[in-house]
Amino acid sequence: MKRKLLSFAAAAVCAMAMGAQAQISDGIVKIGVLNDMSGLYSDIGGPGSLVAAKMAVEDYLKATKSTLKVEVVGADHQNKPDVGSNIARQWYDTEKVDAIVDVPTSSVALAISQVTRDKGKIHLNTGAATADLTGKACSPNTIHWLYDTWMLANGTGTAVVKTGGSSWFFLTADYAFGHALERDTEAVVTKNGGKVLGKVRHPLATQDFSSFLLQAQASKAKIIGLANAGGDTINSIKQAAEFGIVQGGQNLAGLLVFLPDVHALGLEKAQGLIFTETFYWDLNDQTRAWSKRFAAAHGGKYPSMDQAGVYAVITHYLKAVDAAKTDDGTKITAKMKEMPTDDPLFGKGTIRQDGRKIHPAYLFEVKKPSESKGPYDYYKLRATIPADQAFRPLNEGDCPMIKK
Amino acid sequence: MEIFGIPSQALFGQLLIGLINGSFYALLSLGLAVIFGLLNIINFTHGAQYMLGAFVAYLSLQYLGLNYWVSLLLTPLLVGATGVIIERTMLARLYKLDHLYGLLLTFGLALIIQGVFRNEFGSSGMPYAVPSFFAGGINLGFMFLPKYRGWVIVASLVICIATWYVIERTKLGAYLRAATENPSLVQAFGVNVPRMVTLTYGFGVALAALAGVMAAPIYQVSPMMGVDIIIVVFAVVVIGGMGSIMGAILTGFGLGLIEGLTKVFYPEASNTVIFVIMVIVLLIKPAGLFGTQK
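Protein chains in written order, with this note's numbering: chain A, 1 to 404; chain B, 405 to 698.
Among the clues, some could well be false.
Claimed, not checked - Per the computed footprint, the stretches of chain B lying under chain A, defined by three or more beta-carbons under 8 angstroms from a beta-carbon of chain A, are: (1) 412-420; (2) 489-499; (3) 545-556.
Stated by the list, open to error - Partial pick of chain A residues on the chain B-facing surface, computed with a CB cut under 7 angstroms: (4) V246; (5) A334; (6) E338.
The hints are simulated quantities; they were obtained by calculation from the structure and are not laboratory data.
Yeah, the Cβ is synthetic: ideal placement off N, Cα and C, and Gly gets one too.
Bound-form chain B, shown alone (with noise of 0.2 angstroms):
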């Protein structure tokens, strides 16, 4: 059966692939809508920290023979203790200024950390192997799927969805929320709005190196991999409505799905279809396609 004149197989096999990309791109813009949405700052170290996850991973395996699993476990609390201390020790000072000090702070941040590891590893990539829990594939009948991507795709589900349920279903989440729009507010009712705010920032540093260790054994782990998954984590975000966290995660999903279309119609505009998007939606809806015009 044919769609459009490619195979069915072929197209559902890239839909697939395209979903595995999407949940990268859903669990990054994820943690840069939380720090966003709740703290109104524009995190830019975001991929450098993604980088981190997954060179803590690669490390631990290499010196400490820390294996996935631990990985998965220690790699997030420890990015995102490190998150915490440039937030209390940088970001703190500048919530009073605009908007764009956080920028250019973060923006420096990225820029030494990834130079600091280019220095120490080269640019070229490191190789971490699939947990040999995940060796293998499933034939699916139109593709055969390897078993660690599609456990990638079940996990990034299940913590975006739980992410999104805390901060929206959860009383936890309604006090953050409710931190962001009016903190003095809540402060004077008792809740201690700066740690809140520092462990948020912790915890979307934490999803960002998390996505980083599912991230090594399919891409290499190379000082260079956050430079260039953050742009188009960007514009995910600036897509779904920068302070959405529904938004950001299915517009990860959705525009994983696109660019995995656009590699077989035609491949050469895959890099740039998710950008042209973003104009698009620029243009027509500003606040972004779930946002609301703040």
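Pulled out of the complex, with its shape left as it was, chain A reads as follows (with noise of 0.2 angstroms):
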């Protein structure tokens, strides 16, 4: 059952010289946030990325006084490649809309990057971990802004293999994402002396995980990684409590938490979490005001770092509009690694040639609840990985636009 699309129209100024727009197709700049709306990852993204989207619409117009007329609209993929490449294309041909920003779950992350190139517009991609987007499936029209898999293995691998977590059994989604990260993880974890145990595959959007839980039981590894998100992660977690796994000697290592999830399982199930993240409401008075913005017009929900990050993107996209003066996608992409970035909330940044977004990783510990002084206090900042560090290395990904 597709959902509906939903229309926003930001404010827009009343243009001066038309002759300016005369490269943008029809004259709007319309923007589709692609996510899941409704299911394991909605609160992740979900309705909350339109929320930013037109946040980042608003407070951009108002601050350049641009000419620019801007649209914003949204559907829900479902997780489903197939129902995504379909509004892909649906909105590329006949809606008219010239950039497609979000898109988490990392199968339908790659069909959108094809299709995006097939049709030579923008992808700006937030929500999806898979590092293969900036890897093997790089594409002159694809952003990867916010994280991967390969950052989040050696940010929260390293770290806790560092503090003694030296035999791993992992818990994997068994579709594009978590075989990333997974792949990605074990690499991390046998660089630094570790061991991989075993691994096993659950479907995408499991509710029962007690035999899986059982298997990683048997294996007596001392952490049991978790190479899943959103609804999958947060049951996996509620499930190990029930069969005593952390009473039982053992640890787990959410490679891919964010702050809803940490929310739904509260403090008392999640606290000792380590995990990386690249956005913390907390972190600074920019991103501590944002924030604050951003609840108000969510229903006092606090910002995930997929919904900061489409905020900050669209940002560096308007901008780059403004500058080449076209929405030519494949020329907006090149535009865009060509300016350095700067936003409230990811501060500065670059753009890689694979369209790796360059910026700070955070390894964030969760508070126990005595140490929190409210809703969405829940992190403690451990560690700061630096931008250069952060990220897999130019030649190590196998780009085939990057020349050895």
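Please assemble the complex out of the two chains, which come individually in their own frames, going by the hints.
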């Protein structure tokens, strides 16, 4: 059942020089937010990403007094590559959408990347994890803004192994994202002298993890690596508590955890979890100010790093459109890589030739209930990984666009 | 000690998990078998009624503060009552017609119910906490069994055996079985057959709702939970024999065990092994393992 497309018309300042807009197709920059609006990833991006996108457009037009006309629409890809591709094609072909933003669920992201490349538009990905988006599947029309499996593996994996997690068992979501995250984390674990004792794959959106957790228990690995996300991670952690996994002496490593997941679990169950993210609402004054505005527009829910990423990438995209005076996808992608980035949420950064955005990563630990001062006060910062170390080196990704 | 290369601890653990799944298969296929065996109605709404049971439990906790134990008693009654209404208003008109009309009606009802709930609640699940009486687990040596799941196995065994006993060994059950064979003759003896039929349908639906309440703390309360399980339950009923009560119970637990075993040796096949068995049984003994050719 496809969700109906939601249309928001952002405020537009009256056009002064019509000539300047001659190269923007039909005079409107149309941005499509494509993500999981109702399923296991809907709290991480979902309708919140639409809110963030609308905020980005409003803030940009107000701050720069730009003459651009911008429209934002949204749709639900239901975590299915075929549904996502169909929506993308319809958007590009008949609805004159110029850019697709967010797209969590790596299998859908890879499909959208291909469609976008074929149509010469632009894919601004914040939601998906697979590092292949800037590796084997890199494209001159895709920007991977927020995070990827290599960064997660490098950040969380290294930290956990160094604190004694020398034997691992993986519980992996059985699709592109899980496989990529498992592969990258396994590489980090073995590089740091650890061992992988086993792995088990579970279908996406599994409700009952009992038999998989049992296998993890039987392996006697010190660390059970959760190579899954959203609702799957929440269920794995809840059921691990039921089966006495932590009491039995094993620890869970959440390889991809977002703020809404911690909120759903509660600090009682989530305390002590260590993971890597690239944004947290309480990092500095700018993130705090923006997050409070976001929460006011989103029913009191604080932003996940995905929603923050949507805001930041659209801000940079609109700057590039204004600078290049076109909305041709390939040209804009090149322009976005040319211009250094600067936004209140991620600070200063750059976008590499392979489409990878570079910014620092943060290792967080979830606070104990006694340490938290209120709702959403959940993380303490353990370490900051500088931007030049956080992501996979340019020449290691097998990206066909990069000459070795 | 290793059996076929799997440590015996892991094996017994998976078998126990399989028994838990089997409990749900048994409860649901029991309801289906009762309804089909006694009423000749193929009740496709069964999955939706299982989902309704879980939702009523979730909603009554959210808005009325009724805890798990109250829900265990109240929810089957409530959902069973809706079953009675469905039977009186819609199904009763179809008895004179081909079985397929009943199937189409119940299938359509299932789609409507699931669609309405999915529209309202979205497709991801809602949490339902394990009742505090059952919090924690027992260390059995070869695995750590959460107390709640142990309760599920015990409760479903008791309910299944009690139902079988009532139908096969008591006078009420005898009336029910006779009414299926020859309703006019039984009615001539003064037994109110239509009312018995209605109440039996309500009972089958109540069983589904009961399974839903018990499932709520384990699987999340989701509008799609019925869809996933109803296909498997139909396969269980077909394998066990469409009219046989004991067949449904034994097959439900047995197939849960087989699914658990498959998860140990070849997890990728665990979704399909039940259907493979169904195909084999249909080819060799179409009436089902415990069924009798009618």
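The hints, checked one at a time:
no.	hint	result
1	412-420	holds (count 4)
2	489-499	violated (count 0)
3	545-556	holds (count 5)
4	V246	violated (11 angstroms)
5	A334	violated (39 angstroms)
6	E338	violated (40 angstroms)
In summary, the numbered hints that this structure violates are 2, 4, 5 and 6.
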